[in-house]
Every structure is written in structure tokens, then in C-alpha cells.
Amino acid sequence: MYGSLDISTSGMIAQRTRLDVISANIANKGAILDAEGNYNPFRRRMTMLAPGNPNASSARGRELGVQVKEIALDKAPFRLKYQPNSPHADEQGYIREPNIDTTTEQIDAMEAVRAYEANVAAAEAQKSMLGQGLRLLA
Amino acid sequence: MTLSDHVTNSGALPSLARTIQFAGRRQSVIAHNIANASTPRFQHKDVSPAEFQSALREAIDDRRSRTGGGHGELRLESTRQIEVTDRGLQFTAETQSGRGVLSHDQNNRDLESLMKDLTENQAAFRVATELMRTQAGTMRAAITERP
Chain A
0 MYGSLDISTS GMIAQRTRLD VISANIANKG AILDAEGNYN PFRRRMTMLA
50 PGNPNASSAR GRELGVQVKE IALDKAPFRL KYQPNSPHAD EQGYIREPNI
100 DTTTEQIDAM EAVRAYEANV AAAEAQKSML GQGLRLLA
Chain B
0 MTLSDHVTNS GALPSLARTI QFAGRRQSVI AHNIANASTP RFQHKDVSPA
50 EFQSALREAI DDRRSRTGGG HGELRLESTR QIEVTDRGLQ FTAETQSGRG
100 VLSHDQNNRD LESLMKDLTE NQAAFRVATE LMRTQAGTMR AAITERP
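So the sequence lines, in the order shown, correspond to chains A and B. Note that numbering that gives the first Met the number 0 numbers the first sequence so that position 45 is 44, with each residue one more than the last. Note that numbering that gives the first Met the number 0 numbers the second sequence so that position 127 is 126, with each residue one more than the last.
Among the hints, a few may not be true.
Result set (DSBU-like, lysine-lysine): computed pairs, CA atoms no more than 30 angstroms apart in a straight line [to be verified]: (1) A:K80 <-> A:K126; (2) B:K115 <-> A:K74; (3) A:K74 <-> A:K126; (4) B:K44 <-> A:K126.
Computed spacing ranges between beta-carbons, pair by pair [what the hints assert, rightly or not]: (5) B:G69 <-> A:K126: 22 to 28 angstroms; (6) B:G10 <-> A:E116: 27 to 33 angstroms; (7) A:P86 <-> B:R40: 41 to 47 angstroms; (8) B:R125 <-> A:E116: 35 to 41 angstroms; (9) A:T103 <-> B:G10: 58 to 64 angstroms; (10) A:E110 <-> B:G69: 52 to 58 angstroms; (11) A:R59 <-> B:E50: 19 to 25 angstroms.
FYI, nobody ran anything at the bench for these hints, they're computed from the structure. Built from N, CA and C at the ideal position, the CB exists for glycine as well.
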């Protein structure tokens, strides 16, 4: 029965990772340079979830739960901004900005928080059931 | 029949034990569904409590016809979704594709009914453990000869 706590934990980890990715997206909304300082706008990151949890201790635990399969790049085109005086502007005077929309990120963040809370509720239920099971012995 | 068999198989204890096993197992299926509430293309899985309850009812009827009901081994039969083994119950959770509304990511999540299942399952577990505790208390009173 300890397995159920693993499942809810995997859900919480997945949702927290998702929230981390969303935070990174929002933080990098204006980042048009990469870490080395070259002109390379930040691409939006997306968290890919899949059923199953390779970190679980038991075979049954590996079947259940959820995992972050990969953090993929959003292929949507960059947003263009008219900024003719920028050193990175193209011939028409546009620079490319990250393909991040804060509204989408906010909605995504809300969904992740709610999903996290649902996992917390499942873990709480599990905890109280464990407590009741132990009280049988006392 | 040995004395210990008389104690462990007396009254409602075996059916309570099966109920606790079932609720404990189903908890992990529900937790799995909740953990995957935002996984694309994930389909809700479940084991039917009704199927378990009817198997349990048949086992109780069977025990009653064999021994009169107050004691004796409870022979729970395996069903389509629930396999009865020496180490407890093994589940084959079935995909519930007809349930809930299919979202754009092909996930038929339905958080409200998941939470309802969770609460219901927890309540079933609590009822069974409390009843078992009461029975154990009665037994302890008999052993210690103190009410």
C-alpha cells in the first residue's frame, strides 16, 4: 500500500517540473540572446508527461504513476517586433522575440497548480488510510 | 479446525480483511488516475467495486450455506478484474473510455468523479478498519477477561 504514496509523489514531481518550466518560460519572455550572448531568441519549453514511473521501487509501481518524458521545444514561429535601431534587426527592421504568450503560461500554471493539489489530496487520503491500518495493531 | 483458525476466520473478520485489501489496492489505481490527470491521451482506469461486492456476497452466501455463517473460511472467487492470490488481490484495471468528456489532449479526465472515488474508497476503508478494530477489541476483552 506504500506504493500509492509513490504514485501521488510522482504526480506532484511531474506537476512541479511543469511549473518550473512555465516559470522559465515567463522569465525568458524577453530573452533574445542565448547564454553566450549570441542572437538566438529563447524558444518556449513544453513539458511532456507520460504514464509510468521509472523511479519507483517495485515493478507494479513502475507501471503506475506519471513521469516527465521530455521537455520539448515549441516549434511555433518567433514573434516579430519592429525595432529598426536594434543591432539584431533584419533588413525590414524587425527583431525576433521568444514565442511565449504570458496568458497561455498563466493558464498552464493554474492547471499545474490544481493538478498538484489533486495529488496532494490523494496523498492525504493515503496517509489517513495508512494511519487507520496501523491503528488496527495498537 | 484449529483454535487460531477459529479466531482469524470468525464472524465478519475474513470479509473485512478482503474489503481492506480491495480498498487498499483500489487506492493506488485512483492515485494513478489523479497523477495522470494532465497526461495527453491517458484514459481513466478502474476496477469495479460492484464486481468485488458481488463476488464477496457470493463468498459470504457460500460460507453461510457451508458452516452456518458464524465461522469458517471465506472462499472468494477470482473475477474478470480481480484475481485472488495467497498474497492478496491482484487487479487488472480496465480502461474506462466511455467515461467523462474527452478533452483536446485526448484525456478523459474527470477530476470531480476521481475525487468522489477517492473519498468513497477512503470511507470504505475506514468502515472496514473500524469494524475490525471493534472485533479485535471484543477478542482482547475475552482474552484478558476484562471488559
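field: A:P86 paired with B:R40, Cβ distance criterion 41 to 47 angstroms
entry: 45 angstroms Cβ-Cβ, so the 41 to 47 angstroms window holds.
message: For a C-alpha distance cap of 30 angstroms, please report whether B:K44 and A:K126 respect it.
response: holds, 22 angstroms
- prompt: Cβ-Cβ distance between B:G10 and A:E116: within 27 to 33 angstroms?
  reply: violated, 41 angstroms
message: For B:K115 and A:K74, compute the direct alpha-carbon distance and say whether it is at most 30 angstroms.
response: violated, 39 angstroms
query: Cβ-Cβ distance between A:E110 and B:G69: within 52 to 58 angstroms?
result: Holds: the Cβ-Cβ distance is about 54 angstroms, inside 52 to 58 angstroms.
- request: Look at the Cβ atoms of B:G69 and A:K126 and judge whether their distance stays inside 22 to 28 angstroms.
  value: The hinted range 22 to 28 angstroms is violated for B:G69 and A:K126, with Cβ atoms some 36 angstroms apart.
Satisfaction of hint between A:K126 and A:K74, Cα-Cα up to 30 angstroms: At roughly 42 angstroms apart (the allowed maximum being 30 angstroms), A:K126 and A:K74 break the hint.
task: Determine whether the Cβ-Cβ distance between A:R59 and B:E50 falls within the hinted range of 19 to 25 angstroms.
output: Between A:R59 and B:E50, where Cβ atoms are some 20 angstroms apart, the hint holds.
query: Given the proposed pairing of A:K80 with A:K126, does the C-alpha separation stay at or below 30 angstroms?
result: The hint is violated at about 52 angstroms.
task: Take the C-beta atom of B:R125 and the C-beta atom of A:E116, compute their distance, and say whether it sits inside 35 to 41 angstroms.
output: violated, 22 angstroms
C-beta pair A:T103, B:G10: status relative to the range 58 to 64 angstroms that was hinted: Given a distance of about 59 angstroms, which is inside 58 to 64 angstroms, the answer is holds.
In summary, the numbered hints that this structure violates are 1, 2, 3, 5, 6 and 8.
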